[in-house]
Amino acid sequence: MWKVGIPFLLAVLLDQISKVIVRMHMEQFDSFDVLGGFFRITYVLNPGIAFGIKVKNPVVFTILSILACIGIIIYLIRNWQEDIKIKISLALILGGAVGNLIDRILFGEVVDFLDFGINHIRWPVFNIADSSVVIGMIMLFICAFFLSDKDNKETTESQ
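Just so you know, we're using this note's numbering here: the sequence shown kicks off at 1 and counts up by one.
I should point out that these hints are in silico values taken from the structure, not numbers from a laboratory. Each hint should be verified, as a subset may be incorrect.
Claimed, not checked - With a Cα cut of at most 20 Å, we get these calculated DMTMM-like pairs of lysine to aspartate or glutamate: (1) Lys85 to Asp33; (2) Lys3 to Asp83; (3) Lys56 to Glu109.
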């Protein structure tokens, strides 16, 4: 259980702690360079979803996000013997979703602050929760499409 709980808790705690620090020490749209112009901390509030994608009805999106989190939790409980790599990837997705849900429920919008780009070509500003979801999805994709059933069985048996 702790193998799944640690990535989940790390995702939520790192996300929320970083957002509190940004809220406490910056004003919206403040920005400072960390690695030249390539990486900046830029404080923006995002009423939409990951990477600034707009949603028409944020309340419906929040409800759907809660339902998705419940679905992941149910899946993890029912499939506890699943491969540890799949469980960790789902824990990261869940941790990221919960991190952003906390913001949506408490503030109605999400704090984003990780800002990457070169010159005037910038990636949409994002946060640690978004990163956790993306990393979890990449891991899940790799598990689903590139690991053989034999790899999955060996990992499950070694737990």
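Here's how the hints hold up against the structure:
1. Lys85 to Asp33: violated, 35 Å
2. Lys3 to Asp83: OK: Lys3 and Asp83 at ~11 Å, within 20 Å.
3. Lys56 to Glu109: With Cα atoms ~13 Å apart, Lys56 and Glu109 stay inside 20 Å; holds.
Of the hints listed earlier, the one the structure fails to meet is number 1.
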